[in-house]
Every structure is written in C-alpha cells, then in structure tokens.
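Visitor: One line per chain: the protein sequences are X and D, in this order. Residue numbering for the first sequence follows the numbering used here, beginning at 1 and increasing consecutively. Residue numbering for the second sequence follows the numbering used here, beginning at 1 and increasing consecutively.
Among these hints, one or two may not hold up.
Chain copies aren't distinguished; within one or between two, either way the pair holds.
Claimed, not checked - Each computed SDA-like pair below joins lysine to any residue, with the alpha-carbon atoms no more than 25 Å apart:
1. Lys183 with Glu139
2. Lys10 with Glu168
3. Lys98 with Ala231
4. Lys10 with Ser138
5. Lys32 with Asn242
6. Lys164 with Pro198
7. Lys183 with Glu102
8. Lys183 with Arg239
9. Lys164 with Gln230
10. Lys183 with Asp163
Calculated from the structure, these hints are not laboratory results.
Residues per chain, in single letters:
Protein chains: 2
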Amino acid sequence: MTYCLGIVTKYGLVMASDSRTNAGYDQVNTVKKMHTFVTPGERVFIILASGSLSCTQSVVTLLRRDFDKGEGLAKAATMYDAARAVGDKVRAVREVDKAALEQDDYKFNVHILLGGQIKGEPPQLFMLYPQGNPLQTSEESPYLQIGETKYGRPILDRGIRFDKTTLEEAAKYALLSMDSTMKSNVTVGPPVDLLAYPADELDVTRHRRFMPDDPDLAKIRNRWEQALRQAVARLPDLRFNNRPGVREEESIQLVDRNSAEGAPELQPQAGVRTPPQTS
Amino acid sequence: MTYCLGIVTKYGLVMASDSRTNAGYDQVNTVKKMHTFVTPGERVFIILASGSLSCTQSVVTLLRRDFDKGEGLAKAATMYDAARAVGDKVRAVREVDKAALEQDDYKFNVHILLGGQIKGEPPQLFMLYPQGNPLQTSEESPYLQIGETKYGRPILDRGIRFDKTTLEEAAKYALLSMDSTMKSNVTVGPPVDLLAYPADELDVTRHRRFMPDDPDLAKIRNRWEQALRQAVARLPDLRFNNRPGVREEESIQLVDRNSAEGAPELQPQAGVRTPPQTS
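The following block holds chain X by itself, in its conformation from the complex (with noise of 0.2 Å):
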C-alpha cells in the first residue's frame, strides 16, 4: 500500500509519501515515491504516485524523458498544462499496459499528484485519475490524498486551512497525517519524504526523509500523544440522562474543570450558543 498526501495554502506546498512497496506480504521493499522536476527560478514540480510501481515508474521515466529534452513539464505554460501533461502519460502508459494487466485480472490504478508552480503562477496542487483526467484543489479543500486515505483524513480535515495555515505548520500536519496512516496500518511505512516548498521560491530547498525509528520521529510521535491526551483531558466533560429513550433536554458540562489550572482558555466560536446549565 502507499499514503502520499499534498497540501497547498497561500504560503506553498507541502508534499509528503511514505516509501512501501509489496507485492504479496512476503515482498516488501522500499521505494522512493516522490520525484522533482526543477528548472531554478522558472519551475518546480513535485510528484507522488501510488499504484503498481511498474506502472508509475514508467510514467516517471516518461515525464522525465521529456523534460530532459525541454519538453512536457519543461516547457507547460501552466500548472494546469503540466498536470495535462502528466496525464497524457497516464494515458500513454495506460494504452500500453491495461490490456495486459486487465487479462489477470489486475487493475491499472496508477494515481499521481502534482504540486508546483510555474513562474508567474501561484503554487497549485492536482491528482491525476487512473484514466489521466486531472482534479485541482480548491481553496476550500486544500489538500489531495492518494493511496491509503482515510486514517491521514481526520488530522487534514481539522486543522488545513488556506489562508492561515504556514508551510511550517502544514509539513507537521502532513507528518501527522503521514504518521497516523503508519500506526493504523503496517503497509504504510517508513522512510517518509517530506518536502516543503514556499511559494515563489521556485527551487527544492527544503526536503527531508525520515528513516524507520528515526529519534525526531519518535519524538514528534510522542510529543503529538501527550498534547492529544491533554487537549481530551480538557474538553469538558459530556453529561448523560439516565436511560436510553429518555427524552434528552441535558446539556455538557461547560465548567472546564482544567481552566482553574491555568490551562489556555479556548476562544468561544461565533454562532455558538452556550447553552444553559440545566441539571
């Protein structure tokens, strides 16, 4: 299985894949997902995959024949040309391989994401299909995610926000996200690259891969425990009725039992009413 992730805000892109590889539990490997096509000061591309490794591999070769020779993402005029681009070879090793696959009964289901920005443009993040169609986030959902989604989601779901969200906050959020895919699920799995790109920067400066049992790991893991329990801890308490079926007219408990420690009073949100202390 794979987990890559990207996400996109006003400040740049984070870009972040595990390194997991099995065909058949008994052939696990390790590989590197992430790919970077750079022209400095004009282009930058960052591309995850998820699928068959031979699948996605030749789609990397292709692109990166291309733009070798200055073609395909070395001369797209915009990031939406570039994800065109990717997915023309989507496409083309589709056309190749499919039939083949599809006769024992395997499914081409290659799955890329594109991040980066093209000299003039914003920062801009897209998937492309199986099929090389191409899906761009929005300022509402910022972010996409490929291979093993679902555990990663929640983290992304409350925390990412366009405007506010730093490049320096996202790459946490990604290794959060990339970390929470591993502990729930052992066909994701370390190395982890993590690449942070700030936008205008049009260059790779920052990239980093966490190795298995790397001790900064560990410690941003145990760190994210503890800061988790604490912020449970300080929810206020849930009250209950007394039996299912029962009409419920009860509300929480708002008394923060914890605010009387010094802990960080939460901002109340607008539109929220509290409601009234009944018994």
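Guided by the hints, dock chain D onto chain X, whose structure is given.
Guide: Positioned in the frame of chain X, the structure of chain D alone reads:
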C-alpha cells in the same frame, strides 16, 4: 454506512453509534443502532450493529425474544457465553437469509459489537463477525469498531489506554472518533448514541443522544479543532535539508518556540535520545 465503536478500560465501557441508514443516496433514514438488555444488579448488555438493517433487526428481535423469556442473554453464565448467544442468532439469521441475498449479489454483512458485564466478571467487549464467531478486545487493543472504521481509528490508537483512560475521557474519545468519521464521510451521521457504563454498576444510567446540529456537539468540535491547532503549533518545527537525495544528518529543531509563553512542558520519553542541534 454505519460507524459504531466500543471501548473497554478498567473503569468500564463506552459504546457509541451513529444513526444513518441508506438504501441508495435518495433513501437516507435515521435508525437507532444501539440496543440495551438489562437485569439491574445482575447483568448489562449493549449491542451495536452494522450491516443490512433488515438482518441486524432480525438478530436483535431474536435476542430480545429470548431475553424476555429468560433465555439467551438473560441466562448466559459469562460474557463469553453471551457473545456465543449473540453469535448463534447471527448464524440463525444468516441461515434464513443468506442464500436469498446472494441470489441478488448482496452479501450477508452483519457485524455486531457486544459490550457488557455479568456480575462477578469485569466488563468485556466482543465483536461478532458475519459468520457468528466472536472476537474479544485485549488490554493492548482495548477497543473495537464496525462499519466505516478508518477515519475514527487514529484518535483511538493515539489515546486509549486500558489502565489509564478514565470513563469520562473514553466517552470524549468515542465522541471525537465519531465526529471525525461524520466529518469525513457524509453517509455516517447523527443522531449519535453515546453510552458510558461504569464497571460494576450493573445498570444503564449514562446515555446521551446527540441530535443533528446539537450545539454541545458543535462546541466540542470547535474546542477540539482549536486544541489540535494549538497542539500542532506547539510541536517543534521540522528542519529540512537542501534537496531530496542529500544524505540527511539534520535534526528536528527541538527548541519549543512556545515554551517561553507558559506552554506546558511535555515529558521527555524514556528511550528517546535528544538529537544534537546540528546545523
């Protein structure tokens, strides 16, 4: 779709279920998926069900009929026997309905969570597979989920500990797990039934149904999202290398930017070395 979960810790049981049921997108209904069987002072059972509503209703109907006659769950000597009594009803319905379902390409997909306590035993939690065989939690893995399980799992994986998580905290984890799932999957929806059972109470006294747009649920969600964002902001910033492929020696920058602002100091974990502050 359905999402149900149960948590068992040394302090008791928490059970939670959504109420969304659908037969296609244009026929979405609300149905209670939590059923209780209580003989006060002697035995308590809470049953949550996922799968075809017609089949799960039949299982519950058969269990209720036996219980009211003093049989089945009413006379099971142990929780294991109770789990077997539920599994027998799963098999009985399977025997009656499976063949007809499969003729039209439907699967017999009933999954049941059974939590409860019989006087003299600790509270216990089982899952019944569609084949009727029971699976019990362990202290290392003290929760079980059925239905749309992935979105709501990371928060449980991070937080629940059999010997440390109080009943009040377990109820918050269950609600957060449910809320994460509802946020990421629209086919899981309120009302949410939440039941907390303190060990040795041998009665059901703490239940709450969260209706759609419950202001308290909205408040919990808002507070939680703010707490998560604060926790992410307080994690140490990540340090990056210059380019992918460069040998990584750098460490996370471990100076906590917020530590001077009175943020709670997180305990270093045993066995995690402090990496040197290389540049």
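Visitor: Look at each hint and say if it fits the structure.
Guide: These are the hints, each one checked on the structure:
In this assembly of identical chains, Lys183 and Glu139 lie within 25 Å of each other by CA distance solely across copies; the values are 17 Å between and 29 Å within a copy. In this homomeric assembly, Lys10 and Glu168 come within 25 Å of each other (Cα to Cα) only inside a single copy, at 12 Å, whereas the closest approach across copies is 39 Å. For a Cα distance limit of 25 Å, the shortest separation of Lys98 from Ala231 qualifies neither inside one copy, at 49 Å, nor across copies, at 45 Å. For the identical chains of this complex, Lys10 and Ser138 are intra-copy neighbours only, at 11 Å inside a copy versus 45 Å across copies, given an alpha-carbon limit of 25 Å.
For the identical chains of this complex, Lys32 and Asn242 are inter-copy neighbours only, at 17 Å across copies versus 55 Å inside a copy, given an alpha-carbon limit of 25 Å. Taking the shortest alpha-carbon separations for Lys164 and Pro198, only the intra-copy value of 14 Å comes in at or below 25 Å, while the best inter-copy value is 42 Å. Taking the shortest Cα distances, Lys183 and Glu102 never come within 25 Å of each other, neither inside one copy (33 Å) nor across copies (36 Å). Taking the shortest alpha-carbon separations for Lys183 and Arg239, only the inter-copy value of 23 Å comes in at or below 25 Å, while the best intra-copy value is 32 Å.
Taking CA atoms no more than 25 Å apart as the test, Lys164 paired with Gln230 passes in both settings, with 24 Å inside one copy and 13 Å between copies. Taking the shortest Cα distances, Lys183 and Asp163 sit within 25 Å of each other only across copies (21 Å), while inside one copy they are farther apart (30 Å).
The structure shown violates the earlier hints numbered 3, 7.
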